[in-house]
Amino acid sequence: MDYSIKETPESWQEGMAKNITFIVTKDCQLACKYCYLVGKNTKERMPWEVARQAIDYILDHEQDFPEESVIWDFIGGEPFLEIDLIDRICDYLKTEMFRRNHHWFDSYRFSFSTNGINYHEEKVQRFIAKNREHLSIGITIDGTERKHDMNRIWKVDGAERGSYADVVRNIPLWLSQFPDAGTKVTISSLDLPYIKESVLHLYALGIKEVNINVVFEDVWQSGDDRLFEDQLMSLADAIIDNDLYRHYACSFFSEDIGKPMDSKTDNGNWCGAGRMLAIDAAGDFYPCTRFAQYSLREKKAIKIGNIHDGINQNRLRPFLTLDRCTQSPQECIDCEMASGCAWCQGENYDAAETSTVYQRATAICKMHKARVRANNYYWNKLFRKLEQMGEERPQSKLTTVKC
Amino acid sequence: MLKYLVIQLDDTSVSFCHYPTADTAPRMISASDLRKGILFAMKENLNIQFVYPQRSLPDEYLSIIDSIDHTKIKPSTADDTSDADIVVIDGMEHAADVAWGSEQIYILRTGRARMQDIIPLIEHIKHIIKRLNIVITDIDTFTQHDFTTYAEVLHKTGEIVEKEYLAGNAVQINLLTDRMMLTSMNNCNAGHETLTLAPDGQFHICPAFYLESPDESCGDPENGVSIRNAQLYRLDHAPICRRCDSYQCRRCVWLNRHTTLEVNTPSHEQCVAAHIEREASRLTLEGIRRIGEFMPDVTIPEIDYNDPFEKHNNW
Chain A
1 MDYSIKETPE
11 SWQEGMAKNI
21 TFIVTKDCQL
31 ACKYCYLVGK
41 NTKERMPWEV
51 ARQAIDYILD
61 HEQDFPEESV
71 IWDFIGGEPF
81 LEIDLIDRIC
91 DYLKTEMFRR
101 NHHWFDSYRF
111 SFSTNGINYH
121 EEKVQRFIAK
131 NREHLSIGIT
141 IDGTERKHDM
151 NRIWKVDGAE
161 RGSYADVVRN
171 IPLWLSQFPD
181 AGTKVTISSL
191 DLPYIKESVL
201 HLYALGIKEV
211 NINVVFEDVW
221 QSGDDRLFED
231 QLMSLADAII
241 DNDLYRHYAC
251 SFFSEDIGKP
261 MDSKTDNGNW
271 CGAGRMLAID
281 AAGDFYPCTR
291 FAQYSLREKK
301 AIKIGNIHDG
311 INQNRLRPFL
321 TLDRCTQSPQ
331 ECIDCEMASG
341 CAWCQGENYD
351 AAETSTVYQR
361 ATAICKMHKA
371 RVRANNYYWN
381 KLFRKLEQMG
391 EERPQSKLTT
401 VKC
Chain B
1001 MLKYLVIQLD
1011 DTSVSFCHYP
1021 TADTAPRMIS
1031 ASDLRKGILF
1041 AMKENLNIQF
1051 VYPQRSLPDE
1061 YLSIIDSIDH
1071 TKIKPSTADD
1081 TSDADIVVID
1091 GMEHAADVAW
1101 GSEQIYILRT
1111 GRARMQDIIP
1121 LIEHIKHIIK
1131 RLNIVITDID
1141 TFTQHDFTTY
1151 AEVLHKTGEI
1161 VEKEYLAGNA
1171 VQINLLTDRM
1181 MLTSMNNCNA
1191 GHETLTLAPD
1201 GQFHICPAFY
1211 LESPDESCGD
1221 PENGVSIRNA
1231 QLYRLDHAPI
1241 CRRCDSYQCR
1251 RCVWLNRHTT
1261 LEVNTPSHEQ
1271 CVAAHIEREA
1281 SRLTLEGIRR
1291 IGEFMPDVTI
1301 PEIDYNDPFE
1311 KHNNW
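For the record, the sequence lines run as chains A and B.
Residue 128 in the working numbering sits at position 128 of the first sequence, with consecutive numbering throughout.
Every number in the working numbering is 1000 more than the matching position in the second sequence, counting from 1.
Hints should not be assumed to be uniformly reliable.
[Said to hold, decoys possible] Calculated cross-link-like contacts (lysine to aspartate or glutamate; reagent style EDC-like; alpha-carbon spacing at most 20 angstroms):
| hint | chain 1 | residue 1 | chain 2 | residue 2 |
| --- | --- | --- | --- | --- |
| 1 | A | Lys-303 | A | Asp-284 |
| 2 | A | Lys-300 | B | Glu-1216 |
| 3 | B | Lys-1036 | B | Asp-1083 |
| 4 | B | Lys-1130 | B | Glu-1159 |
| 5 | A | Lys-94 | A | Asp-106 |
| 6 | B | Lys-1311 | A | Glu-67 |
| 7 | A | Lys-300 | B | Glu-1212 |
| 8 | A | Lys-130 | A | Asp-106 |
| 9 | B | Lys-1311 | A | Glu-331 |
| 10 | B | Lys-1043 | B | Glu-1222 |
| 11 | A | Lys-94 | A | Asp-84 |
| 12 | A | Lys-299 | B | Glu-1216 |
| 13 | B | Lys-1072 | B | Asp-1033 |
| 14 | A | Lys-300 | B | Asp-1236 |
| 15 | A | Lys-264 | B | Glu-1212 |
| 16 | A | Lys-299 | B | Asp-1140 |
| 17 | A | Lys-196 | A | Glu-160 |
| 18 | A | Lys-18 | A | Glu-133 |
| 19 | A | Lys-40 | A | Glu-209 |
| 20 | A | Lys-300 | A | Glu-44 |
| 21 | A | Lys-196 | A | Glu-133 |
| 22 | B | Lys-1311 | A | Asp-64 |
| 23 | A | Lys-208 | A | Glu-10 |
| 24 | B | Lys-1072 | B | Asp-1083 |
| 25 | A | Lys-33 | A | Glu-209 |
| 26 | A | Lys-299 | B | Glu-1212 |
| 27 | A | Lys-18 | A | Asp-60 |
| 28 | A | Lys-184 | A | Glu-14 |
| 29 | A | Lys-303 | B | Asp-1140 |
| 30 | A | Lys-196 | A | Asp-243 |
| 31 | A | Lys-94 | A | Glu-67 |
| 32 | B | Lys-1311 | A | Glu-145 |
| 33 | A | Lys-40 | A | Asp-60 |
The hints are simulated quantities; they were obtained by calculation from the structure and are not laboratory data.
Using the sequences plus the hints, can you model the full thing?
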């Protein structure tokens, strides 16, 4: 009998790939209520000439991009609204990487995070067929129809209309092309009661990997942590009692979270801002898309250069030397449950009292602690079950269990 | 912990650091705010440094200033600099008109265009003055060529200083001799140890912050100091600087913000300049020690980089 636990697979070329993002449009068919993109609009579409100059700059400066591999990421808004531009960009990239004998040739991916609405369309499918071996596509579906349609609604005047039906019809096609693909679920305060049913629903649709996180913004109400914990424990019961852990993964449950962290040996930065590069329609460079103006509520965009002048290395220095403890309050440094508590550098910047990336936002503190409690419950229950069924518990799991 | 209060007496008070002296219309601090600032400093045990404009102050102000022990920072072009503790030469073009002496400290502000003039100037004043602080004002725009020139200038200056020390004249030139005498960081520390009371009656991180962003105050003498994210002005919250031993570096938080957008992160140019100074100090110290013991507690190891950031992947 197979008692193996499905683990979340590592990303392609994890830690060895440069992530370069084209913000091809700031438009989207949807107006999701939790969307952090406060400046979406229909006007800022990337012209081909800007995309070409960005590519030329990057490939011309091969020595400045020494990473083994590259992930060319396309986001919006909704990236597939610009499928013609994307197709042209990808053709140009392939041609130029080959022509220049660039070290990224044959070590690249094209990556998309889409709302899935246009997925079935002919142009999109033609693009997928052409680039299949180098593609990674994630469709965002939030769970049950009720949960999905609470937030992911069409951008229309008049009565609110959810987008679940328009997305779910494309899931079988997507999974037939990318059987191991995962989806990304975002949880805000109002979504908490629907976490369990949503994750199980996504499993039932055939999605084996559910990457899920609570929003970093300060939206949490009194009692939300208790509700969250209850939902996760209930989800844990369902996953374990129905043996779903063998073939399905949910990122909420991880053996590595909830432990104290050493301030010297475990002081790295969580976020990759500054190690990534994002380009917008105007040809400006950002350390990550969250530092472009359409992502920021309170602060001015942080530009690190543009396609004409190149990258201003001085603007990158704060990002590349940022460590966990320097940006964290003492409470976080001393926290007994610190590991796995994430942050978004862009949200940190936007929420900071001054114009700095060195002030960690702590709005998710109580939600992280609730997650850790439920996570401990999950692993204790799962390992006990495995033991009782004669499965030897892997040594690496022992540290998770408190005696 | 705060130790110093800079009181900028006028918007046009002379710059003693990297920022340019304002060429706006004069605006003096009010007598009332001046008194409040002095009272605050007395209660908080702060040393006061008054920064003067070129023009003379009314008698009322002189009388208020004299009510407290203090340091006077005056431009060399002021009508009377005889009572100044520190005289600022705001540009190499003014150096020829200075009545150099041994009782005062001098600050020379100059840009890369006249760096070479530092060498004959020091030859000229090395027996007269006790201390000269040199501020290279446009360090943030230095090119590789400028750095090469800077290294040459400091090397030649070091040779002059070395001879003077060997002859028993311990003249101090900040860019060369400070590092020879330091065993830990000795930076500007604006926002941590030093604060500025500006003519608007408000506290600011330093005069440069006030002149650039007058709306970003951090308290006032009546309501106290209120610096948001104050920890970022401390050395322990500066990831590059806390690992560095270019102890003489000004670590200018205003230049940091200007170039990297973060007060705790220096630019490449600031780091390279500081390391060129460090290397010139190392060689000068080595030369002085050839004939005897000098500052035995100080070590300046030879290193293979000019910018600590180059090593950040190993941290």
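Are the Cα positions of Lys-1311(B) and Asp-64(A) separated by 20 angstroms at most?
With a Cα-Cα distance of about 16 angstroms, the restraint between Lys-1311(B) and Asp-64(A) holds, given a limit of 20 angstroms.
Lys-1043(B) and Glu-1222(B): Cα distance at most 20 angstroms?
holds, 11 angstroms
Pair hint outcome, Lys-18(A) versus Glu-133(A) [Cα-Cα no greater than 20 angstroms]
holds, 18 angstroms
Given the hinted pair Lys-300(A) and Glu-1216(B), is their alpha-carbon gap at most 20 angstroms?
Holds, at about 16 angstroms.
For the pair supplied as a hint, Lys-196(A) and Glu-160(A), is the alpha-carbon distance within the 20 angstroms limit?
The given pair, whose Cα atoms are some 25 angstroms apart, is violated under the 20 angstroms limit.
So if I understand the rule, the pair passes when the alpha-carbon distance is 20 angstroms or less; does Lys-1311(B) with Glu-67(A) pass?
holds, 17 angstroms
Is Lys-300(A) within 20 angstroms of Glu-44(A), Cα to Cα?
With a Cα-Cα distance of about 17 angstroms, the restraint between Lys-300(A) and Glu-44(A) holds, given a limit of 20 angstroms.
Does the structure keep Lys-1036(B) and Asp-1083(B) at a Cα separation of 20 angstroms or less?
violated, 24 angstroms
Given the hinted pair Lys-300(A) and Glu-1212(B), is their alpha-carbon gap at most 20 angstroms?
With a Cα-Cα distance of about 17 angstroms, the restraint between Lys-300(A) and Glu-1212(B) holds, given a limit of 20 angstroms.
Does Asp-1083(B) lie within 20 angstroms of Lys-1072(B) when you go C-alpha to C-alpha?
Holds: Lys-1072(B) and Asp-1083(B) sit about 8 angstroms apart, inside 20 angstroms.
Between Lys-208(A) and Glu-10(A), does the CA-CA distance stay at or below 20 angstroms?
Holds: Lys-208(A) and Glu-10(A) sit about 14 angstroms apart, inside 20 angstroms.
Check the hint pairing Lys-196(A) with Asp-243(A) against an upper bound of 20 angstroms on the C-alpha distance.
holds, 15 angstroms
The structure fails to meet hints 3, 9, 14, 15, 16, 17, 19, 21, 25, 32 and 33 from the earlier list, while all remaining hints are met.
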